[in-house]
Amino acid sequence: MTCNDSGRNNSFCLCWTINSTSKHIPFQNQSKNKLINGLQLEQTQINSCQNQTESLTNEIHELQKTLNEFKNEKNESIQNKMDGGENDERQNLVRHITEEKDQYDQQNKRNR
Numbered sequence: 001m002t003c004n005d006s007g008r009n010n011s012f013c014l015c016w017t018i019n020s021t022s023k024h025i026p027f028q029n030q031s032k033n034k035l036i037n038g039l040q041l042e043q044t045q046i047n048s049c050q051n052q053t054e055s056l057t058n059e060i061h062e063l064q065k066t067l068n069e070f071k072n073e074k075n076e077s078i079q080n081k082m083d084g085g086e087n088d089e090r091q092n093l094v095r096h097i098t099e100e101k102d103q104y105d106q107q108n109k110r111n112r
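For what it's worth, UniProt numbering labels the leading residue of the sequence shown as 1, then goes sequentially.
Calculated from the structure, these hints are not laboratory results.
Computed beta-carbon distance windows for the label pairs:
| hint | residue 1 | residue 2 | range |
| --- | --- | --- | --- |
| 1 | E99 | S77 | 30 to 36 Å |
| 2 | K74 | K34 | 55 to 61 Å |
| 3 | E42 | F70 | 39 to 45 Å |
| 4 | E59 | R95 | 49 to 55 Å |
The beta-carbon is built from N, C-alpha and C at its ideal position, and this holds for glycine as well.
I would like the entire structure built from these sequences, with the hints used as guidance.
Okay, here's the thing in structure tokens:
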């Protein structure tokens, strides 16, 4: 017999439907709460990962900045060595030319 059978036992069918539905509501609420808790946990993990990513990104930027500073120092050091080397070469050249000039002057004195 169903609820549509000539109007008989309509109250029984209505009660059965309400009782059946009310039995499912606590289960649905538990499932809903589990899903909400799961989503909250996932959101917490996502936030943690985002914070770690931001922290690592900042650290990478700091390391890149430090690396660039070291590269600049290295380039300055190389440039200073080159400049120093050029000065030494210039000084050696000037010294050599001066010595040749002195020798030339001495030869000229002898020849007179």
